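So the protein lines, in turn, are chains F and V.
Per the working numbering, residue 9 is the first one in the first sequence, and the count goes up by one each step.
Per the working numbering, residue 9 is the first one in the second sequence, and the count goes up by one each step.
The reader is advised that the hints may include incorrect statements.
It does not matter which identical chain is meant; a pair holds if it fits inside one copy or across any two.
[Unchecked claim] Heads up, simulated EDC-like pairs for lysine to aspartate or glutamate below, C-alpha to C-alpha not over 20 Å straight-line:
1. K16 <-> E158
2. K325 <-> E343
3. K14 <-> D261
4. K99 <-> E17
5. K14 <-> E62
6. K324 <-> E158
7. K118 <-> D339
8. K325 <-> E315
9. K99 <-> E304
10. K118 <-> D187
The set of hints was computed from the structure by calculation and includes no laboratory data.
As the structure is a computational prediction, the values presented were derived from the model and not from experiment.
Protein chains: 2
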Amino acid sequence: MTGRVKIKEALAQGKPGQELLLKGWVRSVRSSKGVTFIVLNDGSNLSGIQVVAEPDLPDYEEFSRVGTGSALAISGVLQESPGAGQALEIKAGGFEIVGAADESYPMQKKRHSFEYLRTIAHLRLRSNTFGAVFRLRSALAQEVHRFFAERGFVYVHTPIITANDCEGAGELFRVTTLDPVRPPLVNGCVDYAEDFFGSATGLTVSGQLEGELFAQAFSDIYTFGPTFRAENSNTARHAAEFWMIEPEMAFADLAADADLAEAFMKRLCRFVLDDCAEDMNFFNTQIDQELIARIEAVANAEFARMEYTEAIERLKKAPVTFQFPVEWGLDLQSEHERYLTEQVVGGPVFILNYPKEIKAFYMRQNDDGKTVAAMDLLVPKVGEIIGGSQREERLDVLTAKMEQSGIDPASLWWYLDTRRWGSTPHAGFGLGFERAIMYLTGMENIRDVIPFPRTPRHAEF
Amino acid sequence: MTGRVKIKEALAQGKPGQELLLKGWVRSVRSSKGVTFIVLNDGSNLSGIQVVAEPDLPDYEEFSRVGTGSALAISGVLQESPGAGQALEIKAGGFEIVGAADESYPMQKKRHSFEYLRTIAHLRLRSNTFGAVFRLRSALAQEVHRFFAERGFVYVHTPIITANDCEGAGELFRVTTLDPVRPPLVNGCVDYAEDFFGSATGLTVSGQLEGELFAQAFSDIYTFGPTFRAENSNTARHAAEFWMIEPEMAFADLAADADLAEAFMKRLCRFVLDDCAEDMNFFNTQIDQELIARIEAVANAEFARMEYTEAIERLKKAPVTFQFPVEWGLDLQSEHERYLTEQVVGGPVFILNYPKEIKAFYMRQNDDGKTVAAMDLLVPKVGEIIGGSQREERLDVLTAKMEQSGIDPASLWWYLDTRRWGSTPHAGFGLGFERAIMYLTGMENIRDVIPFPRTPRHAEF
Numbered sequence: 009m010t011g012r013v014k015i016k017e018a019l020a021q022g023k024p025g026q027e028l029l030l031k032g033w034v035r036s037v038r039s040s041k042g043v044t045f046i047v048l049n050d051g052s053n054l055s056g057i058q059v060v061a062e063p064d065l066p067d068y069e070e071f072s073r074v075g076t077g078s079a080l081a082i083s084g085v086l087q088e089s090p091g092a093g094q095a096l097e098i099k100a101g102g103f104e105i106v107g108a109a110d111e112s113y114p115m116q117k118k119r120h121s122f123e124y125l126r127t128i129a130h131l132r133l134r135s136n137t138f139g140a141v142f143r144l145r146s147a148l149a150q151e152v153h154r155f156f157a158e159r160g161f162v163y164v165h166t167p168i169i170t171a172n173d174c175e176g177a178g179e180l181f182r183v184t185t186l187d188p189v190r191p192p193l194v195n196g197c198v199d200y201a202e203d204f205f206g207s208a209t210g211l212t213v214s215g216q217l218e219g220e221l222f223a224q225a226f227s228d229i230y231t232f233g234p235t236f237r238a239e240n241s242n243t244a245r246h247a248a249e250f251w252m253i254e255p256e257m258a259f260a261d262l263a264a265d266a267d268l269a270e271a272f273m274k275r276l277c278r279f280v281l282d283d284c285a286e287d288m289n290f291f292n293t294q295i296d297q298e299l300i301a302r303i304e305a306v307a308n309a310e311f312a313r314m315e316y317t318e319a320i321e322r323l324k325k326a327p328v329t330f331q332f333p334v335e336w337g338l339d340l341q342s343e344h345e346r347y348l349t350e351q352v353v354g355g356p357v358f359i360l361n362y363p364k365e366i367k368a369f370y371m372r373q374n375d376d377g378k379t380v381a382a383m384d385l386l387v388p389k390v391g392e393i394i395g396g397s398q399r400e401e402r403l404d405v406l407t408a409k410m411e412q413s414g415i416d417p418a419s420l421w422w423y424l425d426t427r428r429w430g431s432t433p434h435a436g437f438g439l440g441f442e443r444a445i446m447y448l449t450g451m452e453n454i455r456d457v458i459p460f461p462r463t464p465r466h467a468e469f
Numbered sequence: 009m010t011g012r013v014k015i016k017e018a019l020a021q022g023k024p025g026q027e028l029l030l031k032g033w034v035r036s037v038r039s040s041k042g043v044t045f046i047v048l049n050d051g052s053n054l055s056g057i058q059v060v061a062e063p064d065l066p067d068y069e070e071f072s073r074v075g076t077g078s079a080l081a082i083s084g085v086l087q088e089s090p091g092a093g094q095a096l097e098i099k100a101g102g103f104e105i106v107g108a109a110d111e112s113y114p115m116q117k118k119r120h121s122f123e124y125l126r127t128i129a130h131l132r133l134r135s136n137t138f139g140a141v142f143r144l145r146s147a148l149a150q151e152v153h154r155f156f157a158e159r160g161f162v163y164v165h166t167p168i169i170t171a172n173d174c175e176g177a178g179e180l181f182r183v184t185t186l187d188p189v190r191p192p193l194v195n196g197c198v199d200y201a202e203d204f205f206g207s208a209t210g211l212t213v214s215g216q217l218e219g220e221l222f223a224q225a226f227s228d229i230y231t232f233g234p235t236f237r238a239e240n241s242n243t244a245r246h247a248a249e250f251w252m253i254e255p256e257m258a259f260a261d262l263a264a265d266a267d268l269a270e271a272f273m274k275r276l277c278r279f280v281l282d283d284c285a286e287d288m289n290f291f292n293t294q295i296d297q298e299l300i301a302r303i304e305a306v307a308n309a310e311f312a313r314m315e316y317t318e319a320i321e322r323l324k325k326a327p328v329t330f331q332f333p334v335e336w337g338l339d340l341q342s343e344h345e346r347y348l349t350e351q352v353v354g355g356p357v358f359i360l361n362y363p364k365e366i367k368a369f370y371m372r373q374n375d376d377g378k379t380v381a382a383m384d385l386l387v388p389k390v391g392e393i394i395g396g397s398q399r400e401e402r403l404d405v406l407t408a409k410m411e412q413s414g415i416d417p418a419s420l421w422w423y424l425d426t427r428r429w430g431s432t433p434h435a436g437f438g439l440g441f442e443r444a445i446m447y448l449t450g451m452e453n454i455r456d457v458i459p460f461p462r463t464p465r466h467a468e469f
């Protein structure tokens, strides 16, 4: 007998009659007519494998009493499974209890609420739902890297600790090694010159500005790393720590940016359908029965493109009453976004060229003097999923815009430098990785797609 | 003419006579006998491409005066290059100055010191050295994901903000949103119940403990994310923020751990030699002329394995004088490590089973009562590059070890839970990603392999 084989591999490549060594954890045990059935799961797939033991198994009594959650090694022979569900099972020829679990094990087979499972986030991993979520999260992250690698995009690790915008902004977590009780003061303010980095520092909210620096040397780049918001909001869609994907392309305009976002979104949809089929079927059955149809539709759609100005006109003509006002110059709310993508377009749509007053200082001013080259990708069921823009590449326009926005140009001298020498039209977008996972799995709370979520008053594990 | 092609692709797949559109930045300009030569670089490769313009080019005068650092679009025809260095060049038929650069551009063609270039880290990316470093860093990161994906390892995003070990440990950066000048106090101490997370929090130093939780559900997992040390040390090998790769395997012992580390290290060496050949040749010429031979040797080596006890004996018999004492029970210093790998073994070597007193509480106690199942991988030129261990899977032994180490078992209840139900022998290791890049490129300062390094008093960009 050779070494241990993963269950996914055994089921995919094994043949009846083959001898195998499997290792994993017991998901369930039942005995019927003198035969014991155990579902063994090693995390490589959702279903695990059925282990069948008959009384001629050495130490059969011990085997039949093994507890849910125990770690087992099983040697045996693959055979065709007479039951429904899967083609192969393993007939146990020998076993070892690697690590026992008794009745106190909290993940006994029964339904637990997602709320309760968050309090045992170290054990919820051993359930079907969270096994599927975190297998998919991993596979999707690896696919993100493949997508960009194939296109020659350079992966950049932008800094987590940043001194940008750290004096004031309420959304930033402060990072410090100063004495917490008696910090050094100058004129009643904290003397950050004494802090570890010699200045006030916090946790980054985006790698975009540094990403732009890289795009001006490598043409096409992307970041994929953690970002932070110190927002004290307890919603199902906000976490204090989350991962973001931010590509940036030099020599690219807003249309090229939308092209990339469309290709990227379709690729992620196609990938989970094709490569995470077992887990996706589970989500479609247990979480959201329209999931696969919705993801399939996005994967196959030609994404529409609509000017913000037209979107406002369409919303004004809509035969529905919105909670929030619709007026040129106001931002779109979730209800407006969903109406546009679900009712007006009936599929994914980019909204392009927003009023400059509601968008960030770095977005490129259009010739109309009123709008900037911003885009949001809206998809059915959630509304906005990707936000991006062409960046302002003109030094004078950007400097003036920073001054109008109350940002000291001297504080971002390095950012302005890229517009000083060899500036290029460039564009990029951001996708919150957890938002993508929620969209692709149907999971409705961001706390349930992050291994150990950080939210107000919660930093356990 | 079709759209823009990247220079790397044009050189690899283009044929003489083919019309192309290239975009990039001017690295150098020279005129000779009425012909102008520009080296254009778009970040896709090291060398860029030579652009040749003759006086019949429309606006030739403007072209011949273009400044180093300018962004250009060039349309033209590929032709065989008569000069040495590369087989193809492009004869310009038209051009556009996308973004000009004048004489004030700091990256004019001449040598700058690495120290100076750190002060313009946003522009050093446009040099040969840092172009090569960050292309290789990106390619290597993508290869890390491929290596683990192929083996079915689940990628885990372990938390960056952590409440573990945050009261006291000097190496931790504190993360807070409390009033920095007048924090809430209880009995003279900061009242962290008032802080964002309701407890003292800091930046993680390792994802290992959370990684172990995942291994107990998915068998084989890895982390690849940022980690932090608030050490006030200004050395060439320490940064406050760096990326770490930490695989963890359930049902695995120390030997399996070393097997994985060996396969991983060899794969990274083979990858940069084969897939980053142009950049590696540059490092071999400009940075370290023994680099390729050294990496080649590691890629082809069978890694030796030696007990710590034997290593001490070998060091005691060594015909050299060490600065630090050699005694069973003391940790190995860099000079000892290098002697073992360079002089004793003449290649990579794992040192196994260290005295328990000098290793962490979570490492598995061996039956001799004196050592733990720890391993360090030593490689020529640097000494230790990977550190790992088999973890203590026995609840009673681990709890006792925590108490001896002054760690309250209640504070890591979730970690102990994995030993309570379905515990397995498991093992893992950590590789500092920057240390790996330094080893593979010959770069000697960690500040020169991180896009925007964070070190004491430095958090610029």
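> Is the C-alpha distance from K325 to E315 at most 20 Å within one copy, between copies, in both cases, or in neither?
Replying inline: within (16 Å within a copy, 78 Å between copies)
> Under a CA distance limit of 20 Å, which applies to K324 and E158: within one copy, between copies, both, or neither?
Replying inline: neither (43 Å within a copy, 52 Å between copies)
> Should K14 paired with D261 be assigned to within, between, both, or neither, using CA atoms and 20 Å as the limit?
Replying inline: The answer is between: 17 Å across copies meets 20 Å, while 47 Å in one copy does not.
> Are the CA atoms of K14 and E62 at most 20 Å apart within a copy, between copies, both, or neither?
Replying inline: neither (23 Å within a copy, 64 Å between copies)
> Quick one: K99 to E304, C-alpha cut-off 20 Å, is that within a copy, between copies, both, or neither?
Replying inline: neither (38 Å within a copy, 47 Å between copies)
> Quick one: K118 to D339, C-alpha cut-off 20 Å, is that within a copy, between copies, both, or neither?
Replying inline: neither (45 Å within a copy, 50 Å between copies)
>> One pair to classify: K16 and E158, alpha carbons no more than 20 Å apart. Within, between, both, or neither?
In response: between (27 Å within a copy, 13 Å between copies)
> Is it within, between, both or neither when you check K325 against E343 at 20 Å Cα-Cα?
Replying inline: within (15 Å within a copy, 77 Å between copies)
> Can you tell me if K118 and D187 fall within 20 Å by alpha carbon in one copy, between copies, both or neither?
Replying inline: neither (48 Å within a copy, 45 Å between copies)
> 20 Å Cα cut-off: does K99 pair with E17 within a copy, between copies, both or neither?
Replying inline: within (17 Å within a copy, 54 Å between copies)
Consistency with the previously given hints fails for numbers 5, 6, 7, 9 and 10, ordered from lowest to highest.
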